[in-house]
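Undergrad: Here the structure of chain A is known, so what remains is to put chains B and C in place on it, guided by the hints.
Residue numbers (numbering that gives the first Met the number 0), protein chains in the order written: chain A, 0 to 455; chain B, 0 to 989; chain C, 0 to 167.
Misleading hints may appear alongside valid ones.
[As the list claims (entries may be wrong)] Below are the DSS-like pairs computed for lysine-lysine, each with C-alpha atoms no more than 27 angstroms apart in a straight line: (1) K361(A) <-> K300(A); (2) K122(C) <-> K431(A); (3) K86(C) <-> K746(B); (4) K919(B) <-> K750(B); (5) K750(B) <-> K86(C); (6) K86(C) <-> K974(B); (7) K404(B) <-> K414(B).
[As the list claims (entries may be wrong)] Facing chain B, according to a computed beta carbon distance under 10 angstroms, are these residues of chain C, among others: (8) S22; (9) I73; (10) W79; (11) P80; (12) L81; (13) T83; (14) G85; (15) K86; (16) P87; (17) P93; (18) V95; (19) V164.
Think of the hints as simulated: they come from the structure by calculation, not from any bench. Glycine residues also receive a C-beta, built at the ideal position from the N, C-alpha and C atoms.
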Amino acid sequence: MATLATPIPPAAPLHAEAPPSYADTTRDIIATLRPPGRKYYVGMAFVLVGLAFGAFCWGYQLRYGLGVTGYQPPIFWGTYITTFVFWVGIAHSGTLISAILYLFRSGWRTAVYRTAEAMTVFAVMTAGLFPILHLGRAWYAYWVFPYPNFRGVWSNFRSPLVWDVFAISTYLTVSATFLLMGLIPDVAAVRDRSLGWRQRLYSMVSFGWKGSDREWHHFGRMYLYLAGFATPLVLSVHSVVSWDFAMAIVPGWHATIFAPYFVAGAIFSGCGMVITILVPLRKAFHLERYVQVRHFESLAKVILLTASIVAYAYATEYFIAWYSGNPFERSSFYNRAFGQYWWATWIMLTCNAFIPQLLWFKKIRTSIPTLFVISIFINIGMWFERFVIIVTGLSHEYEPWQWSYYVPRWPELGILVGSFCWFSMWFLLFIKFFPAVAISEIKESLPPPVQAGGRR
Amino acid sequence: MERRRFLQVAGVAGIGVAAGCAPTSGERLLPYVNESDDLIPGIPEFYASTCRECPAGCGIQVKTREARAIKVEGNPAHPVGHGRVCARGQAALQGLYDPDRVKQPWRRTARGLEPVTWDRAIEQIATALGAAAASGADRVALVTGADSGALDAFYDEWLAAFRSHRRLRYEAFAYEPLREASRLTFGVAAVPEFDFASARYVLSFGADFLETWLSPVEYTRQFAEAHRYHDGRMAKFVAVEPRRGLTAYSADEWIAPKPGTEGLLALGIASSVVRQGKADLTGAEADRVRGFCARFTARGVAETTGVAEDVIDRVAREFAAARPSLAVAGGVATQHRAATQAAAAVNLLNYVVGNVGRTVRYHAASPWEKVSRYRDATAWIAAMQAGAVDVALVHRTNPAFTLPKAAGFADAFRKVHLTVALASHLDETAELCDLILPDVTPLEEWSVVEPAAGVRSFVQPAMTPVFDGTRQAADALLAIAAKAGKTVGRGAATARELVAAGMVPTALDHALQHGGEFAAAPVKPVRLVPDFARVVYRAPAFDGDAGGEALVLIAYPSAALFDGRGANKGWLQELPDVATKIAWQSWVEVHPDTALRLRVANGDLVTVTSPHGRVEAPVYVYPGVRPDVVAMPIGQGHTAYGRNAKHRGVNPLDLLGADAVDASGALAFCSTRVTLAKTGRQTRLATTEGSARQLGRGIARAVSLAGALKGEVEAGPEATLTDAERAAVAAAAASQRERANIGVYAKPNPKWELTIDLSRCTGCQACVTACYAENNLPVVGEEQTLRHRGMAWIRLERYYEGDTAGTDWQVRQIPMLCQQCENAPCEPVCPVYAAYHTPDGLNGQIYNRCIGTRYCAANCPYKVRYFNWWDYGTVGDPYFAFVEPLNWQLNPDVTVRTKGVMEKCTFCVQRIRFAQTDAKVRKRELADGDITPACAQTCPAEAIVFGDAHDPSSLVSRLKQDARGYHALGMLNTKPGVTYLERVITQGEA
Amino acid sequence: MSAATGVVGVFGGVDAAVAAIESLKARGYANYRVYSPTPRPELAEALARKESPVRLFTLFGALTGTAFGFFYAIATSLDWPLVTGGKPIVSWPPFVVIGFETTILIGALATVAGMFLFAGLPKLGRAPGYDPRFSDDKFGVVAFGGPAQLAEAREIFAASGAEEVKDV
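Extracted from the complex, chain A is given alone in its bound form (with noise of 0.2 angstroms):
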């Protein structure tokens, strides 16, 4: 959206040859609204039946106990806590790339931005999910919330879990505002060119935009000041949830460096899954106009910075629990690489660190194909981080009569699944009835129409 300060400049010409005009990019993203095929409802069927195991899945854990998982003392957090941050993880590119990127002006923003604030809220709400699945009582979850209650207890302030229930709440609302915020202009002009029920529904979601001066003039506004609060907020979540660990006295989770380490890695995962996501969007709805090869490249040279600081921590890590001579560090990194969960060690090395640096190469950056393979691996990757620094971390403390391994069992794996599908669900829902596609940004990135001659 606009802020009256300097305009962003197209970065370059949107592509080659002739620009689509304001009427194509209305008419173009709008068709992607258009009622969905078969295909779509096969997609829609498949993640309902997942979605419905997963449910199962929980239920069955409600009824018998955590007892059903393969938690393993004193291995007492494991797929869960895993998945919650892989989820929160991926959230964090769609601020990024969304409020970051618009307070640098960066112009490649404009194609993606949208995609990655959905998937970011979405994320927001798979996440949010497992720390309740988690919970051994999850029906008093509510107790962690500080509101008067007969109990006379209120929250903990000084507990990780506390902060991480205000970031994530907070995120929640805040990376929706922004979502709905910049939806309303889209909204008013699918409003326009729509009737009956949604026509009513979006000039209720659109407030009744008008695209007026004065509305314009505020929202601009607005929408700088939401993206000055998202940014520092996506730093501060994720550091939140790192300090989950980072706040323990847990060998291989007590370290300074999680903070950066963990939000690079968000970073990181986040952009994996936008490009995962947006490739096959791109293919379905005919977008390649307007998301292009060129904004792939940028995402994935994010990647490869935020892979970098990834190994680059890493590294650290190892270094500094052989410098800080601490044996208790030091057996439990040694463990980590060579003990009993090396092949899980090693699945992150690889997927994070070596092959995203097959992207130095432009001609890999810039095929479509190789990134969505990367991409996935990535995905996969940044789960299995989480993964080690959660299970290996317990399963080799300071305690060593009570060294253990554990393994998922069927309900956390049907969870798991479960949450992809509850993700997809919101997607597909989402891209049938909003504009994947922020119409009003890509025409003020366009050449503004102007008459043949003007006065007369």
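TA: Positioned in the frame of chain A, the structure of chains B and C alone reads:
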């Protein structure tokens, strides 16, 4: 009736919830119809009695609440145990409340067991007895366990009434060799009384006196007294046995001779003493001994036993120098074909250095002299086989399980016309019987026993019988006699009257209040018989050929299950084996070298084959056995005996030959060679062991005696911190604490702390079971134990130190429980304050606040928080752990935790609060020692001390000042409230 | 001549719209409104509006958030002091996290509220002179005033190259 009674109680005391009654169960809470005078709801009552879980007969006090027995504690006034109880004693309650108990009389028919009324059963028996008595003498057999006192006499009288003397007091471990050896060496067929407390040097030939041998609780207490480090001195303990068990874990030195050569080694040491001129003998006796000993040259002994000459001489020197010393023979050393000779050799050794009469004392009477020998049991079997027995009654003993299959008990028993079991549990023997009469358990009966010379120890019911249908055996026998028209019991109509016979009421009351009548028995002086030389060492034979892969099998009594009678109790099944830390299972201990040779690893299923049979069990690779030996625990492998015992593990006795007896007529448990064959199949061992090495983390520490004398201690990782760093850390913590002291925290509060003296702790794990009983811990079963989900709030960690290749390695054991840290990592991470710090220094855990994030457990460096993975506390749940009537045992003062909450040790906070309230009510100050957590109360070694660390005069405050005091993982600055005192190990010369 | 309250000019090009606005301003028009499918800097310059007061909402929202976060954490901790891990009852470092998050939350929501207030949203009714094409590719300028002014406006729009001029 019991049910209603229970509900009345529940109504008054409001223990409904604690007893696991879900509101949905629709039960109503009723008030008393008639008030009971001596029952104050909420106030426990204690009944002094005697533990009958093994023949040792420790004095106990049964804690009852609202007419329910809920806890077994030691009776401090009792000379046996001195107020301490072992794990098996604690678990007596689970025998009492076992859901699989015999609740009514049963009769065996072609269609299986059918219910029958008491009257019909008694009539049938009386008739059979009449017929038997009519058809001749000794046609009736009455078999009990080791018994003594009034009821024992009554049984004989009762039997005589039916013209029979076939009385068997059958025990699997009857110490025949000790009795026979004493007869052969000193002319007294008795088991002497051993005085570990005053011994300055203990030399044990295989005796597991800290586990099952004779009187383990009392001996543990005495041994700890002697072996603990105090004001610069401690006794040295050398263990001589081919398999290193828990007892030998406490040893300063482990000598592993070839199995069966222990006796020769004892003679070798005695000879060495004599050679060194250290013998405490005079005159002709000295010459005789010298002459006898001349036969055993150090070299010859060394070759046969596999123990180096210099070791023999050194041990002899030390043994003779440290007066009084004590040598004991037991366990595997007295369970081979040369057992009697070994025991005699040890007697001689004691005699040579003048221990007899000092640390080895004989009395006029011995509790063991009347106990039957294995040979008597086989004779009885032969008689039955020959059809010489018409009626056989079996009471509280299980020969069908504890006799080797080869003995052919079952077949012979079936030949008896009428077999009757007076049994509280349906064990293997009861299952063979034609009639099963429901007996009460020792906690519901009247009796009096003589566990030690001069001790008349009373057994009284702690509560009305759990099941209406049950009747004490003696009462049943009285009824049977009456029905058969015999007058027995000298007019006594009940077991109670039999016990009280000949006592004035005041004396009886006094005895019941104090647990019995205890008098010092005069020591009976004994001399070496002139012809002791008859008993000369002869190498024992082992069945099976020596060649090839043959390994000598050691079948040893399990410390938890004893001879198998513990196997029906969940607490004992779940108690990890004291040495191998395996629960719920059977296993074969194989030396690492042997395992390498046989290419077997932990969990590999192997068939163990002897000339007499074969069993299949998983391998446990264990450095504590000689490479030429494999060991298996006795106690598992039941084919009956309740849900916990049935079809679990294997019984190594199936591998033994029935005729493997020694000179005393004892069964030789270590008498056969076996071969191991891989099945190719695997199983997971239900072990609590993570890593067997503590990798220099200083969790369980020890220092050499020499070092301790110099004030040295074993340093842990925290030693790397500089003083400046320590000061800085301390200062930071202090300033933080400062800002935490507001409200109730600012008041002058006590600070509850614990000290555990590792130089006393033997690792017996009595504390673990005591904790189960006190804190309503659920039994989780084998499957969950396999997944490390045991709920024991206190556990014994066992680490090896040193190179386990030879015998020169040490075992470090440490009881690990919540350390109640001042800077507890578990507390600040809890989002809902379920974990918080109480003003009196405990890590409070509020179960009903907990939502189960498990962050506290993840952040606890000691890993002493336990999570309810399943719903152990809710009636009707598939995982409900307190099946009726086990829930009767639940401690009303402790919540039963439900699904999804974290739980942990809080130093028995319910006891702290009770004592505080009690003191307030009595308007007096709380004194040091008023509060004792369950673990400390039962600890036979008295290693655990609890108290207020803010009171400088309290014992705990003084103990934690000890130079040996340290904090586990102290470098984490968690400031634990548990101070461990380093173990002290005597190395080299004592 | 109907009683029109305003006249709207529909422009196909932003330059034409700008021209129209300039001439309106030149004639001293104050009461006019511009519709555009996307914010254009050209238009913004032509209109030259003064700084939006939304930022004040942002500021005060943020400050309120900070204050609330710290107050809540401290007050509830003191309400029932429970010591955990020997840490101070009022532990600043962790409370900073709470304060920070509430700052962002309340700040952001206040900003949105401010926008709605000043932009006059939600406005579900019809807007004078609005035409669906303005959300597609047309620009609209609406001038309000008396008949005389409206007549003048019509000329201006036509002159600026409006594709269509109509009364509202």
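Undergrad: Where does the structure disagree with the numbered hints, that is, which hint numbers, in rising order?
TA: Of the numbered hints, 8, 9, 18 and 19 do not hold.
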